[in-house]
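Q: What follows is each chain in one-letter form.
There are 2 protein chains.
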Amino acid sequence: MHALVTGGAGFLGSHLVRALLKEGAQVTVWDNLYTGSRKNLNEVAGAIDFHNLDIRITSPENLPVSRFGKFGVIFNLACPASPPHYQKDPIFTWETSVLGMHNILRIADSHGAMVLHASTSEIYGDPLVHPQPESYWGNVNPVGIRSCYDEGKRAAETLAQDYVRFKKADVRLFRIFNTYGEYMYPDDGRVISNFCIAALKDAPVPVYGDGSQTRSFCYASDLIAGILSLQKLPREKYDGPVNLGNPREFTIRELVGVLEKVTGKKLQVKNFPLPEDDPKVRRPVIEKAQRLLNWTPKVDLEEGLQKTLAYFSEEIKNAKSK
Amino acid sequence: MHALVTGGAGFLGSHLVRALLKEGAQVTVWDNLYTGSRKNLNEVAGAIDFHNLDIRITSPENLPVSRFGKFGVIFNLACPASPPHYQKDPIFTWETSVLGMHNILRIADSHGAMVLHASTSEIYGDPLVHPQPESYWGNVNPVGIRSCYDEGKRAAETLAQDYVRFKKADVRLFRIFNTYGEYMYPDDGRVISNFCIAALKDAPVPVYGDGSQTRSFCYASDLIAGILSLQKLPREKYDGPVNLGNPREFTIRELVGVLEKVTGKKLQVKNFPLPEDDPKVRRPVIEKAQRLLNWTPKVDLEEGLQKTLAYFSEEIKNAKSK
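Chains as they are written, first to last, in the numbering used here: chain A, 20 to 341; chain B, 20 to 341.
Please note that the accuracy of each hint is not assured.
Since the list gives no way to pick out one identical chain from another, each pair is judged satisfied if it fits inside one copy or across any two copies.
As the list claims (entries may be wrong) - Simulated crosslink set (DSS-like; lysine-lysine; CA at most 25 Å straight-line):
1. Lys186 - Lys251
2. Lys187 - Lys41
3. Lys58 - Lys107
Simulated from the structure, these hints should not be mistaken for laboratory data.
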């Protein structure tokens, strides 16, 4: 099996590349290194075919040849995914999600490849239904500061589903809820990386709003297992987007408590105003993934945080020694 | 003033072209004639520069020269807009809305042109808030049979608004609610054309569901006046999408009654099941257009229907005499 992973030098992309190699796949990686980094792939650099490519402008007409030949499956993970990253250049983000999906679907069509596309819980916006099943249509501001990502990802889903419906393409959408783990970006502005870095540096942890907003945190290895199960699902059983995430819900204040337990430190909190359009709750209904994929997250927050803290601790040491 | 009208051979596009010419503008029209027709522009054919062009693939890099030179303003009306038209080839529809907007914004940027973009009440989906102000985020299925249009138009709004926010582009969005009048397509499957054609042919009028769903009908000349007012708005006063439509709301059953009054005929009704994801209510809040543009619709439904019936009656005669 020859797999293309777009965004393969990113946080989740690099986890997926390692998991695919372990399964014996040949792996081509496309990444423009906008947020990703080649060092995330250091240990597997020799095994993969890496191309510094931008999916906004890579189409069937200007496709580079992989040393492994045609793609059997494309995992489309290329897109800045954390608010500070995707809001830095919203037009770039929109183009990556929207033009990128348009290109990937046409490339897959020309290779006869399956597509597994990373959608997101952000398509639910600031949800009015809680927790969120796949059938929920979402509550998204079309012209807000998060729209480049939220609407870009929605439009990508739409095109993908119309490829399934009208071109009989094999495209499978999964909606990723908050995920964390090794290879996260320390600067991605999300709560787990913010908190871990602050705790390791004995700085106050930043809490936006009153900390009563909730998030559900899925450890990276669990998420990757879900993606690989979706790939193995018999085609006729796929019937639209699948939520992948951990249904255990924490308020941000509770997260502080868990982190205190894991680090054994009393953490100081620094409060900031809640950003515009920030979702107040977010928790997946994963009944569909459990039923179709026989998948359920296994790693609890304490265990995942321990591993993530160890990774960030090493990263901070490496940065200091440079 | 040199205006480009994309979709200028369509229903609203051709009305806009005639109105712009009356104002003394030079007008270039791009239309791929997917739903539009050159006969809609017969009476002004000599005055305009017509190009058979597809905005999905027309970019600053392959732009045809207009005989009037650079564009001062671009009215982007190119997109199939009625459910049977936009659902016929959903990938084409999505591409027209999404890739088209991407191209138009870059073309406008390279010409230093203002953009007025036709968005739609469909971005509100099947609304949970009634009537719909511009601040309402909508209730749209991202992967349904209407999504190619609804999500395509939402993604176009997103990109446009980010051009305003980050590139300081002069892009103005208006959301069109149901509009009718001369030059409508007899086969567009919308209630006004369906009803007029049926009444003129003494056939039963098709009612989907129980006819209790509501629509608000704006006559074409009113809508065009709104678009032209938005063009003339001082730039600093524009602050996001503006609803344009008639706030007078009718149930479909009431519409039958009005049509009976206008035609003087007792109409037979034929019932059909309600299509998937069909909005149950749709009515604009137009307070923003009234305040910013001093605009309000003037033509009532009876008067508008009389004119529309006269147009369709002539079209039916012409078709028979061929």
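Q: Decide, hint by hint, whether the structure agrees.
A: So, going through the hints one by one against the coordinates:
no.	hint	result
1	Lys186 - Lys251	within (21 Å within a copy, 44 Å between copies)
2	Lys187 - Lys41	neither (30 Å within a copy, 48 Å between copies)
3	Lys58 - Lys107	within (23 Å within a copy, 47 Å between copies)
In terms of the numbered hints stated before, the structure departs from hint 2 and from no other.
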